[in-house]
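**Q** Here's the letter readout for the chains.
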Amino acid sequence: MMLRVRSIAPGLALGLLIIDLLGMLVLSVVTPSFLSTYNLFITSRDLSILLLVALAQMTVLALGQMNLSVGAIGGLVAIVESGLMVRYGVPVAIALVAGLMVGAVCGVINGLLVDWTKINSFVLTLGTSYVFAGINLGITHATPFYHIPGEISSFGQARVGAFPVMATVTIVLTLLLAGFLYQVTLGRQLLAVGGNQLAARLSGLPVRRSVVTAHAISGFLAAVAGTMLMAQLGQGQPTIGVSWILPSFAGPIIGGAALAGGSAPVLGTVLAMVLISLIDDGLVLVNADLFWVQFLIGALILGAVVLGRTRLCDLKALFYGARRASQREASR
Amino acid sequence: MESRALARFLAIAAVLVVAACGATPSGGGGKSPAAVAIVPGGPHPYFEPMRQAIVDAKADFSLSKGIFSVPTDWKQDLQNQLLTSLASQGYDGFGIFPTDGNAANGIVSQLAAKNVPVMAVGGCVQEPTKTTFCLATDTGASAYTGAKAAIAAMGNKGVLLHGTGLVTDPNTVKRIDAVKRAVAETNGAVTLITIGDIDIDAQTADTAINQALAAHKDITGIITTAYNPTVAAAKALRTLGDKRIKMVGIDDDPVVLQAVTDGFLIGTMGQNPYGQAYIAAYAINQIHMGCKKKSDAPYFIDSGTLLIGPDKIATYKDDFKTLTKSIVSGFKAKYLSC
Amino acid sequence: MLLRPVALLALLIVTSGFWIFFSIAATGFTSDFNLFALLRFAAIQITIGFAQMVVLGIGDMSLAVGAIGGVAGMFAGFVMQSLGMPPEVAVPLALTAGILLGFGNALLIIWTRLNSFIVTLATASLITGAMLIVTHAKPFSNLPDSFTSFADGEVASVPVSPLVLVMLAVGVALFFLYRNLSLGREMLAVGANRRAARMSGLSVDRVVLLTHGLSGALAAVAGLMAIAADHTASPGLGSNWLLASFVSPAIGGTLLSGGLVSVPGTILGGVLLATMSSGLLLMNIDNFWLTVVLGVVLLVAVGLDRLTRVVGGAAT
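Protein chains in written order, with our numbering: chain Z, 1 to 332; chain H, 333 to 670; chain E, 671 to 986.
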């Protein structure tokens, strides 16, 4: 129970929640088209894909490791699936299952190699990302697989009002992941291993199984994200995943994950990704000057995060007394 | 434990050595005619016609070697390494699409110092440069033509959305200015909305274009001057089933051509990648055989651009081939002294 | 803590192994033209790696290395081309700009108590964004010959760019810092255990400030090297330095969690990477499959390095 509460980091999540709500309020006042059905649909569909990418990274960060190959796995999976369907006429269901399995297997390979070789996960997954991305390029020569079956592309466009049907996949997977990490023994062991690998090993926790499981989940989530993006784009695009690396880290870390491991803030990651989506959407909606976009992204991220944390400090000060709170912040 | 680890790595190493030995290194270059390499800026479907162009050029001009070689990612460093490697293997001249139109000047200067001629193909290397010629579409003129066509289809009034590439690309700046110029000529009848920095990948472009369409319900025209925004907008119009919005795109991706055929786009600005590579191979060979660039010859040579409307879809490739042949036939007299 | 000699030896053996292999198997690998380009490329990559290595040493990260390097390069280009100043003026100005931007990162980290990852993620956008606003993405392509020829020149008619010497000089200075100066030891102490360092009376904030300033200076050096080699200050400069900045230190044994750096390791790591990509390109593997081979070779190289360490460690 202790573990559970700490992992969700309620104070941090509250700050982010307030910032998110504030952002939505501001956007809906400044540009009424923010609340238009189509904009909400497009933005939440994008969010539902990038959130899976962030959760894929968060699961490995919980171990104190990294997965630089999330994007490469997502791209490879989309290519495998679309290639099977387009070039070999494989039925949709079989192609999707095969693709998702490829993603999970890529993750298992990462996990096993990290565990066997003890190579730093950063360097190792950088190496495997070259391999996965290279297979993608070798198969496609950078040219997409066009004309994937209509049921997939219409799934990518399907919506009920502003709600993208694809988002149900994300919601289910997010809840399952949270349940696994906070309620299932293996999930809690995973967090314990991330907290202190040496202690975990000494106390007989299954370190290898935790490592492989975390990487497998990471690969699987990246695979689902790649599949969903393929559905959105309506074709097997070889560039799927190339820009995922930064959002994959930004989500969990703004959401409260530590690079050292031991924490898996699912709620914080969700709220952080909402924040990032709001910023991206807002800059398009207000038609920000081209040369100002970069600058504004930086200013908004920094401003929002600082504001979120400040509120947290205030709250803590109210509850624990200012001194203790500042000590805790200082010791990180 | 250690011996198991050893076995594991030896196995991987063995696989590697076998793989490496399978690839045969090629010998040094011959004297004449030239060995020519066409090197794109990174993996991209735009360049695929260049693969055939260098094969044809090798046959037509009896080049000693002709190769189409793609850097594995869009990074100037990788293109530099690839060019260095090809030059070390004896290639006599290069047609390159600069990964970074500004920073490519470093490697071009290095190659020029070795008397290896370099042509820019598809996109120019920023001047001043040691690049001999730039065989490309006049990006500004092409964007201007496309914008004019879109504005005319909009009935010279309304709101025009311009989706374009990365602001750090010198061509993007030219395109933005050109579209601005076309819009300015309507004396305020057309309002311009520009979104840039979205040609990162399909995902970024797809989301941003759709968000822009959601934000500005009054958009009546679209001009796109980069690959991903074009594909994204063509798909969005098809999904929305909206033929009231008049759009002109760029390049000839199958998705875009299909949208032109089906009436979702009024046209797309075709470029001539085949011709760019073919003409470059010709010019490199001539220079290698002893020709010099005429002192009054320009740096930029227009390789042609064409608004591909529904009527041109069947024939535009032949039109470009005809244009290419005519540029080649007059090239020596116009630009070279031999 | 500096890396143990046996680990360095292992990396040296693996790197030399690749040099021997490619000298035999890859035509043109040992040509002057190729070696010159390879070493110059490695020198720039390694300097980028240094800029990340110093912040990794204190347990921080800087996602703004590329942004600072790019801005410093553009600033130097502006000073030389638009103001017509000689490189002797532009270089110190660019270095100062780098240091100040590094200080800016540090101050934000200290004041907000936010994770360095988040702060530098934001400042990277801020710094590049400000540069785009000011320059409107216009490059500076008329750099003085005296500046660019420095990158293209040869040292005593050996095919080695003076930029390689710059990198080595920086490396020696950093080695001296970590080996002989109390500041260097303080940096590693902060990285190993920030809390313990604070408790033992160390001014952690001062160390954080100086380290990020140093990182900014090193990023600026890399930016200057890059614009000299490119003959142009391009607004895209630094945009893909992110992974590059981590790779050489990580291969060289620098811990991403802080407290352990290796200057010679970073140098060898950078040389190893440059060697692999250059050598593999010369072996004419199909371009589209080259990335796969590069990935496998990277894994094998790091694996062999680890293995040699294990064996070497057992032997001593």
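Quick caveat, the hints were computed from the structure, so don't treat them as lab data. Just to be clear, a hint being listed does not mean it is correct.
What the hints assert, rightly or not - Straight-line C-alpha distance at most 27 Å; calculated DSS-like pairs for lysine-lysine:
#1 E:Lys-808 x H:Lys-575
#2 E:Lys-808 x H:Lys-653
#3 H:Lys-390 x H:Lys-549
#4 H:Lys-649 x H:Lys-626
#5 H:Lys-624 x H:Lys-653
#6 H:Lys-653 x H:Lys-397
#7 H:Lys-649 x H:Lys-446
#8 H:Lys-575 x H:Lys-390
#9 H:Lys-624 x E:Lys-808
#10 H:Lys-407 x E:Lys-808
#11 H:Lys-653 x H:Lys-626
#12 E:Lys-808 x H:Lys-506
#13 H:Lys-397 x H:Lys-649
#14 H:Lys-549 x H:Lys-480
#15 H:Lys-397 x H:Lys-644
**Q** Confirm or reject each hint.
**A** Hints versus structure:
For the hint pairing E:Lys-808 with H:Lys-575, the CA-to-CA distance comes to about 37 Å; that exceeds 27 Å, so the pair is violated. With a CA separation close to 35 Å, the supplied pair E:Lys-808 and H:Lys-653 exceeds the 27 Å bound. Our distance criterion of 27 Å between C-alpha atoms is broken by H:Lys-390 and H:Lys-549, whose separation comes to about 52 Å. The hinted pair formed by H:Lys-649 and H:Lys-626 fails the criterion: a straight-line CA distance of about 31 Å is larger than 27 Å.
A threshold of 27 Å between alpha carbons decides the hint, and for H:Lys-624 with H:Lys-653 the separation of about 26 Å falls inside it, so the pair holds. Taking the CA atoms of H:Lys-653 and H:Lys-397, the gap is near 22 Å; set against the 27 Å cutoff, the hint holds. In summary, the hint linking H:Lys-649 to H:Lys-446 is not supported, as the alpha carbons are separated by about 36 Å, beyond the 27 Å threshold. Restraint check for H:Lys-575 and H:Lys-390: not satisfied, since their Cα atoms lie roughly 45 Å apart, outside the 27 Å limit.
Between the alpha carbons of H:Lys-624 and E:Lys-808 the distance comes to roughly 32 Å, so the proposed pair goes past 27 Å and is violated. A hinted pair counts as satisfied when its Cα atoms are at most 27 Å apart, and H:Lys-407 with E:Lys-808 qualifies at roughly 19 Å. Proposed proximity of H:Lys-653 and H:Lys-626 is supported: the alpha carbons are some 25 Å apart, at most 27 Å. Distance hint between E:Lys-808 and H:Lys-506 is fulfilled; the C-alpha atoms sit about 11 Å from each other, no more than 27 Å.
Restraint check for H:Lys-397 and H:Lys-649: satisfied, since their Cα atoms lie roughly 26 Å apart, inside the 27 Å limit. Distance restraint check for H:Lys-549 and H:Lys-480: the Cα-Cα separation of roughly 22 Å lies within the 27 Å cut-off, and the hinted pair is therefore satisfied. This hinted pair does not check out: H:Lys-397 and H:Lys-644 have alpha carbons roughly 35 Å apart, beyond 27 Å.
When each numbered hint is compared with the structure, violations occur for hints 1, 2, 3, 4, 7, 8, 9, 15.
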